[in-house]
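Student: Below, each chain spelled out in residue letters.
Protein chains: 2
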Amino acid sequence: MNRTSLFYSVLLLLVIILTMGSVTFAREETEELNLMPVPKQITRGDGLFRLSDSFTIAIQGKKGGARLGKAVTRTLRRLSDRTGIFFSQDFIRPGGNVQDADFIISCNRQGKLILHEDESYQLRITPEKIELSAETDIGILRGLATFNQLLNADEKGYYFPSVEIKDAPRFPWRGLLIDVGRHFMPVEVIKRNLSGMAAVKMNVLHLHLTEDQGFRVECKTFPKLHELGSDGFYYTQEQIKDIISYAADRGIRVMPEFDMPGHATSWFVGYPELSSAPGRKYTIARKWGIKDPTMDPTREETYVFLDKFFAEMTALFPDRYIHIGGDENNGRQWNANPDIQAYMKAHNIPDNHALQRYFNQRILKILQKYNKKMVGWDEIFQPELPKDIVIQSWRGQTALIKAAQKGYQTILSNGYYIDLIQPASYLYLNDPLPKGALLTEKQKKYILGGEATMWGEFVSPETIDSRIWPRTAVIAERLWSPGSIRDVDDMYRRLPVVSLRLEELGLLHEKNYGMMLRRLANSHDITALKTLVDVLEPVKGYKRGSLREYTSYSPLTRVVDAARPDAVVARHFRELVNSYLSGNKGTKDEIVSWLNLWKNNHGKLLIVINRSPILKEVEPLSRDLSDLAGVGLQALKFRNEHKKPSEEWIQENLIKIEKAKEPRGETELMIVSAVEKLVESSK
Amino acid sequence: MNRTSLFYSVLLLLVIILTMGSVTFAREETEELNLMPVPKQITRGDGLFRLSDSFTIAIQGKKGGARLGKAVTRTLRRLSDRTGIFFSQDFIRPGGNVQDADFIISCNRQGKLILHEDESYQLRITPEKIELSAETDIGILRGLATFNQLLNADEKGYYFPSVEIKDAPRFPWRGLLIDVGRHFMPVEVIKRNLSGMAAVKMNVLHLHLTEDQGFRVECKTFPKLHELGSDGFYYTQEQIKDIISYAADRGIRVMPEFDMPGHATSWFVGYPELSSAPGRKYTIARKWGIKDPTMDPTREETYVFLDKFFAEMTALFPDRYIHIGGDENNGRQWNANPDIQAYMKAHNIPDNHALQRYFNQRILKILQKYNKKMVGWDEIFQPELPKDIVIQSWRGQTALIKAAQKGYQTILSNGYYIDLIQPASYLYLNDPLPKGALLTEKQKKYILGGEATMWGEFVSPETIDSRIWPRTAVIAERLWSPGSIRDVDDMYRRLPVVSLRLEELGLLHEKNYGMMLRRLANSHDITALKTLVDVLEPVKGYKRGSLREYTSYSPLTRVVDAARPDAVVARHFRELVNSYLSGNKGTKDEIVSWLNLWKNNHGKLLIVINRSPILKEVEPLSRDLSDLAGVGLQALKFRNEHKKPSEEWIQENLIKIEKAKEPRGETELMIVSAVEKLVESSK
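Chains as they are written, first to last, in numbering that gives the first Met the number 0: chain A, 0 to 682; chain B, 0 to 682.
No wet-lab data here; the hints were simulated from the structure.
On a predicted model such as this, the values are computed, not experimentally measured, just so you know.
Hints are not guaranteed to be accurate.
The list treats identical chains as one, so a pair stands whether inside a single copy or across any two.
Computed list of lysine-lysine pairs in DSSO-like fashion (alpha-carbon distance at most 27 Å, straight line) [what the hints assert, rightly or not]: (1) LYS615 - LYS386; (2) LYS240 - LYS219; (3) LYS69 - LYS364; (4) LYS615 - LYS542; (5) LYS61 - LYS223; (6) LYS405 - LYS682; (7) LYS61 - LYS655; (8) LYS128 - LYS401; (9) LYS655 - LYS603; (10) LYS655 - LYS364; (11) LYS636 - LYS405; (12) LYS344 - LYS240; (13) LYS529 - LYS539; (14) LYS128 - LYS587; (15) LYS223 - LYS603; (16) LYS155 - LYS682; (17) LYS441 - LYS598; (18) LYS155 - LYS603; (19) LYS660 - LYS539; (20) LYS434 - LYS676; (21) LYS587 - LYS371; (22) LYS69 - LYS223; (23) LYS676 - LYS286.
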């Protein structure tokens, strides 16, 4: 075994040297493999391993434990589900006839769910045998995720390509934040997202559990927290344990966030004495935005409460890290409270920042007492804090790098705000440790990774998957794969395949699209509606909340909610036009057929709109799509006939195009820029 | 108020008399309403109630309780979700300004979750106001289900038609059995099915919790039951409480079934001493069919065990009824055990039937001790039992009626076995109390209703919804609506609309179809595959298990699993052909266009099949579809040109057609009979 490994290592090294740089190499080799994240090192071999119903998997030795057994069972079932093969036997457990198995798995020990645990693995597939080895069972899980992505087929049947992979993550913290405070997400939503995370090798689920709009976990010490602060939508402690165990089975840590001292209205419904406005009564916040209610950092009772609170919560959540939020405290309640002002004077606390620093120091002591490490948003960063805290940056790389320079551990979230609907390419190129960052090798290690952040203002259990997936897979790749893997086209090539694989895990990002369109159209036939929504995207950034006033009960079932980030058809069309305008005439026919489809769509959709008033708000977008398609066709015709359009025609249509860029129903038409290019080019 | 009610009652009576029989009347009036189940009495009024964002619902008086408040909140949210309207306020709680509300709800008391509870309601919609009243809050829930189905729209917006409905169920027991023993179904599967049940006014969830293949509920007294008998797939008691509370919120009883003395292998894995084969060791059964392992009814220890077991389970499940199964005991273990044979001789027990009677009597005593009533399958029926037990008939109406004649309460399941994939029309016309049944009025009351039975051999959490829905809605109508409502065409007209409404509740019957096809085709483009699978159905009856040997781990992801009962396209095509052959020439063009689509489909699908080996098994069906479409086109051409085909042509094609009737991959091509008719008619 070891000799073989060595042989392959040397071979791999040779191949890497011969192909002049592993980066280009990996890029080429994965082109047809559809792996995401791309492994650190990959070598293709000759031939392939054929799958048959006598296929067997075996675990070598007894060091893997129960998690490994469950993961292997899941792998076998999934293989059976995808191929339809009735495997003649279950996997071979330790002690069985391991050497006869087709697929042999071995690891040295059970991994711990801690930061910096070894997640590396080696996967070798030859026509005769598959071998997966790792230091820890968690490494094996990551290897099985790769294995799942390698299944392929031809006319003869299913197979795995011959390949040798040596893989390890670039960053140790690869997280997804789900905000269950603003809109509650039932356990099954969390579980299917954990399955998705595991498939792309993410390892931290960050549960944003408390917000002005909801307190989402059962608290036995202070039951009014969840009883009065949640509208009945909270996780019982049994459910939390279930989530943690489901995550642990997939090698994923669960870090809870209890946001304080701000973002805490829901705490005050049951315990108003915690707030900085004495005597005020609270109800759960129903609207979005930064609220005034803030904990009172000057009363000892606050810390007595929080000590008991954390005593319970630190026991419930086994992870070493606890997130205390700490963001967006507007200070109004502190400014308005004479007792707080007096306290600040008496204790030489110059401003609200210093007061929050004082609060953080007190909370830190409590967490340390329970053997936990503190995580918080940028705002908690202050030189007095010990070096084992973690700063999560929503402000950006500059803040991140500054903290790392001072020796603080950091994770990046700025640029990974998946609720802001930026394109996958934007998320993909956002690097926690960009090339040329002014950091020493030691300081670079302080940058632990990043987290995709799914804030909850505009998502329901029905739509959340479509905001998270498949795009979070590209963030997962950024955090796992070598920094040199940055080919946007190749990422977009692999993304639809990855998306299908994610759907098989129970994620609803693809199938709820049809369902939402059927409800919107009020019928089974959604053709015309789909043609429109396929080229729409929700507005970007923070625009949606500014265009209309939302509450936590506003419907999230409109076209803007069915429309998805990275509208695939629109991106494809923009690429066709770019390619055409750069001289590739071969794309013209397809451009014309899309434009014709759109040109004729409005009439058809109008019939649907007239019996489905919920669609009224996108009627102008539908009309614009048809109009602009007509303009695009004309522009093409001019070009084709080598004629120049009149100045009036150009001006008139550029105005039309400018208007069509305006969002309607909080959605945007994503083919406008391409039509604009066609018109501009006809000049 | 009362005076108004009286006025409307009299008016309604008048209308009914004038229209000569409420039955024909209800049929006509619901034609455009898409209600399912059809209410007992319905009168259309003039005008309509327009929905706006100032719409308010109010609950009158304080007799409704928490369940009603939650139901009204759900109704308002759902209305908002479907219309996209941002309602300006929440519903008005008791004590608020009720009379100003648009929609006023009132009931006299909180209903109990017991058999024969009052579920009647009256719903009156006028252009100015909506009023819903009932004796119990459960009646209000049923009325809200109707209200949800009444939402309509035109170019001006959303509205509810003016209508007066007086409604009450025909049968008090309208159930759905879900077998979680053979394949476990996670809590969310149960919850979304409970939502579906409530939408069509069903009121009993029958959980078949134990089987040879699995023991699915946590048992604290005998933990080896779930620990060793479930592969880890069981409901914790917290989850059972969660399910019961979710069901109670929807006015649905939850009846557990613990199948005994047979179907009990999973019990014996942990407690082999319960079985009738002393010293034998057991593992969980992996294959389907009737198994030998049976409890030993001659040992006192068996009853000591079951007494403790039921002490725990009767406390966990609040419903008055407990199902003890009692079916399909093959008696082999009893015959082979000399101690049991000796016991029978000593106690004058002549045969195994008598021995099982003895067992039932003992179990009955235990259940009575815990204040529960016994339910069992046909086999438990025996004259010695008290009259408050309930016989569930899988054998059919004859057994049912015989039992009712003897004064026993019965529910029908024969003919409602939704796992057998019979068409919805078959389920729909299956009546627990058929016209002309030889029963007195008093005896008729013993027929309590029926249960759709979803046996679990061939369903997974991914496919189960597609077997249950939308078809169970037609059973729900059979059990709720007057027996005279039996128009199959009208049922099929309403069913797709009901199906869309059910999908909105989170059911996956529609959206998992696309997902499964995408996995099968291994791509986003599923057009050709969908064209084929749209006209396929799984084989009927018990054929599937006989065509291939399945285990509980066999994949349920093949074409047979994606294919659904009541293939809509195929039924539509058969109707077109029937209509054409009975003289309606107007359907010819559509017939031709379907046949052309199918004729050209095989070539396209072949490309997909060649890269997706899981599809190989339906390749011959795909070829048959194209071939038969060609034959159909030729037959039409002969007819059109008033030519007669040659005898050879007819014979050759009838042979081809006969062959195409054979199932392949356990699926059937559902357009063969229509093509056969076209060929026959060309003679």
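Student: If a hint holds in the structure, say so; if it does not, say that too.
Tutor: Hints, one by one, checked against the model:
In the homo-oligomer, the alpha carbons of LYS615 and LYS386 never lie at most 27 Å apart, since the shortest distance is 56 Å inside one protomer and 60 Å across protomers. Both within a single protomer and between protomers do LYS240 and LYS219 lie at most 27 Å apart by alpha-carbon distance, with minima of 15 Å and 19 Å respectively. Taking the shortest alpha-carbon separations for LYS69 and LYS364, neither the intra-copy value of 39 Å nor the inter-copy value of 42 Å comes in at or below 27 Å. Proximity of LYS615 and LYS542 under a CA criterion of 27 Å is satisfied intra-copy only: 20 Å inside one chain copy versus 50 Å between copies.
Taking CA atoms no more than 27 Å apart as the test, LYS61 paired with LYS223 passes between copies only; the shortest distance there is 24 Å, against 47 Å inside one copy. For the homomeric pair LYS405 and LYS682, neither the shortest alpha-carbon distance inside one copy (55 Å) nor that between copies (92 Å) is at most 27 Å. In the homo-oligomer, the alpha carbons of LYS61 and LYS655 never lie at most 27 Å apart, since the shortest distance is 69 Å inside one protomer and 58 Å across protomers. When the C-alpha separation of LYS128 and LYS401 is checked against a cutoff of 27 Å, the pair qualifies neither within a copy, at 49 Å, nor between copies, at 64 Å.
In the homo-oligomer, the alpha carbons of LYS655 and LYS603 lie at most 27 Å apart inside one protomer (22 Å), although the nearest pairing across protomers, at 41 Å, exceeds that limit. Taking CA atoms no more than 27 Å apart as the test, LYS655 paired with LYS364 passes in neither setting, with 61 Å inside one copy and 82 Å between copies. In this assembly of identical chains, LYS636 and LYS405 lie within 27 Å of each other by CA distance neither inside one copy nor across copies; the values are 61 Å within and 85 Å between. For the identical chains of this complex, LYS344 and LYS240 are neighbours neither inside a copy (45 Å) nor across copies (54 Å), given an alpha-carbon limit of 27 Å.
Within a single copy, LYS529 and LYS539 get their C-alpha atoms as close as 21 Å, which meets the 27 Å cut-off; across copies the closest is 35 Å, which misses it. Taking the shortest alpha-carbon separations for LYS128 and LYS587, neither the intra-copy value of 48 Å nor the inter-copy value of 58 Å comes in at or below 27 Å. For the identical chains of this complex, LYS223 and LYS603 are neighbours neither inside a copy (54 Å) nor across copies (62 Å), given an alpha-carbon limit of 27 Å. With identical chains, the CA atoms of LYS155 and LYS682 are never at most 27 Å apart, being 54 Å at best within one copy and 44 Å at best between copies.
With identical chains, the CA atoms of LYS441 and LYS598 are never at most 27 Å apart, being 58 Å at best within one copy and 68 Å at best between copies. Only between protomers do LYS155 and LYS603 lie at most 27 Å apart by alpha-carbon distance; the minimum there is 19 Å, versus 44 Å within a single protomer. In the homo-oligomer, the alpha carbons of LYS660 and LYS539 lie at most 27 Å apart inside one protomer (13 Å), although the nearest pairing across protomers, at 54 Å, exceeds that limit. In this assembly of identical chains, the alpha carbons of LYS434 and LYS676 never lie at most 27 Å apart, being 33 Å within a copy and 72 Å across copies at closest.
Within a single copy, LYS587 and LYS371 get their C-alpha atoms no closer than 61 Å, and across copies no closer than 75 Å, so neither meets the 27 Å cut-off. In this homomeric assembly, LYS69 and LYS223 come within 27 Å of each other (Cα to Cα) only across copies, at 20 Å, whereas the closest approach inside a single copy is 38 Å. Taking the shortest Cα distances, LYS676 and LYS286 never come within 27 Å of each other, neither inside one copy (40 Å) nor across copies (63 Å).
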